[in-house]
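Engineer: Residue strings, one per chain:
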Amino acid sequence: MASPKPPAGAALRLRGVGVRYPGTAAAAVHDVDLDVAGGELTVFLGPSGCGKSTLLRTVNRLIEPTSGSIAIDGIDVTTLDPVTLRRGIGYVIQAVGLFPHLTIGANVGIVPVLLGWEPARIAARVDELLALVRLEPANYRERLPRELSGGEQQRVGVARALAAEPRLLLMDEPFGAVDAIVRTSLQDEIRAIHRKLGTTIVFVTHDVDEALRIADRIVVMNAGTIAQNDVPAQVLEAPANDVVRELVGIDAASRRFAEARPLLSRESP
Amino acid sequence: MTYLVRHPLEVATLTGQHLLLTFGSLAIALLIALPLGVVVARDRRFGGPVLAALGVIYTIPSLALLAFLVQFFGLGTVSAIVALVAYAQMILVRNIAAGLRGVDRAQLDAADGLGFTPLQRLLRVEFPQALPTIVGGIRIATVSLIAVATVASYIHAGGLGDLLFDGIHQDYPQKIIAGSIAAAALAIVADLILRRAELLVRR
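Chains as they are written, first to last, in my numbering: chain A, 1 to 269; chain B, 270 to 472.
For the record, the hints were derived by calculation from the structure and aren't laboratory data.
Incorrect hints may have been included.
Just some of the chain A residues that point at chain B, by a computed CB distance under 10 Å [unchecked claim]:
id, residue
1, 62
2, 89
3, 92
4, 93
5, 110
6, 118
7, 121
8, 125
9, 131
Covered by chain A, according to a simulated footprint, are these stretches of chain B (three or more residues, beta-carbon under 8 Å) [what the hints assert, rightly or not]:
id, region
10, 288-301
11, 370-379
Note that the structure is a prediction, hence the values are computed from the model and not measured.
Where a beta carbon is used, it is the ideal one built from N, C-alpha and C, also for glycine.
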């Protein structure tokens, strides 16, 4: 797992993070301690309502934790202006949320525009990113989001999130709305992009196969707490408790076969 | 038609007054409705009562409202402008709020997560997409204001209503016909132009 990565990814440290929504009895997230090493692709895995998305959204302060602290490269996020913080963190969501009145190029270049980059630099960056997500820049730059398929739209979503060269990328069920074949190719590409850029990625999913396919580490969540935090093989082979066993273990044997190839092949050049 | 042909300058002057009254009021109305619409769209507890109150104003017959306002602002354009601005609020605020509320949640989440400031999100994401609905509101408001501005002639606000009221008082049908044609033409042309604008911003 310790493949050499450029130091392009930010390290994340969560201590005692809790989120309690007003008027609810149980906390959505309860006392979470978590370290994500720089350059790692960590997957938050768990059923809906387990707090994985809530936890993800505390990192860029879309949700403010009611307790605990979150630090990126040792800097407490609450000491930063939320807008500045978020411009330095990529954010990809399941519904993509491309801006329909803007071209693909303008969507991808929006954060650099907000940051006040020179137009020429933005144009070059947009083309570079479209190529990175394998959309031919000349073909796609001037098109509108509605002209693209769901899979293509999410490629644009990923490109947009990476525009300002963030050292941390948050992805909230990014491939949940695309069909199985497209999802698999997007998973492979996010692995490839991760390998190429070395960005720290925190990726939320409820799909066990997806987690096994892409993760360096899997953080299994249940009822607002971490049930297990380990490498995929260990989560699969040595579930920490019944919750994890139930989540991944139903057909662990068949998964081992299905996952053996991508798990092996992605480590080869 | 004969009055229209014989007195083109008078009709043109009154049309000018009518346009000034309508669009001057519309401009003031928009200055109020834009921030109000944003707040109504954001805050439902505040928005409901505001829209209800504006709805009540909208249902007051125009002549009744004009006569009422004369008590405070006297005869003339000031009372007329206040009435027109008040009438337009209902249509403008409702459409601005509806347009802003219609923006997809995912885009708002993406905009927040990517680091838009609230103002940037409003100007770069929400307003552009609400624009067709807002222009639709401006169109309906404009046509309504052209109609109410005609009645406002009764409280000495000028405009094409002068031809109608003079025609009635003087028993001069040609004047009434000239005023009717000019006022109707104004409303129809304004409607057509704003319909085109609506289509343009919809792209």
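Engineer: Please go over all the hints and tell whether each is borne out by the structure.
Structural biologist: Do the hints match the structure? See the list:
1. 62: At about 6 Å, which falls below the 10 Å cut-off, the nearest Cβ of chain B leaves the hint on residue 62 of chain A intact, so it holds.
2. 89: This interface hint holds because 8 Å falls under the 10 Å limit.
3. 92: Interface hint status for residue 92 of chain A: holds (8 Å vs cutoff 10 Å).
4. 93: Holds: closest Cβ of chain B sits about 6 Å from residue 93 of chain A, inside 10 Å.
5. 110: Nearest chain B Cβ about 7 Å off; hint holds.
6. 118: violated (19 Å)
7. 121: violated (18 Å)
8. 125: With Cβ-Cβ at 15 Å, over 10 Å, it is violated.
9. 131: At 21 Å from the nearest chain B Cβ, residue 131 of chain A fails the 10 Å test, so the hint is violated.
10. 288-301: This one is violated; 0 residues, fewer than the three required, reach chain A with a Cβ under 8 Å.
11. 370-379: holds (count 7)
Comparing the model with each numbered hint stated earlier shows that hints 6, 7, 8, 9, 10 do not hold.
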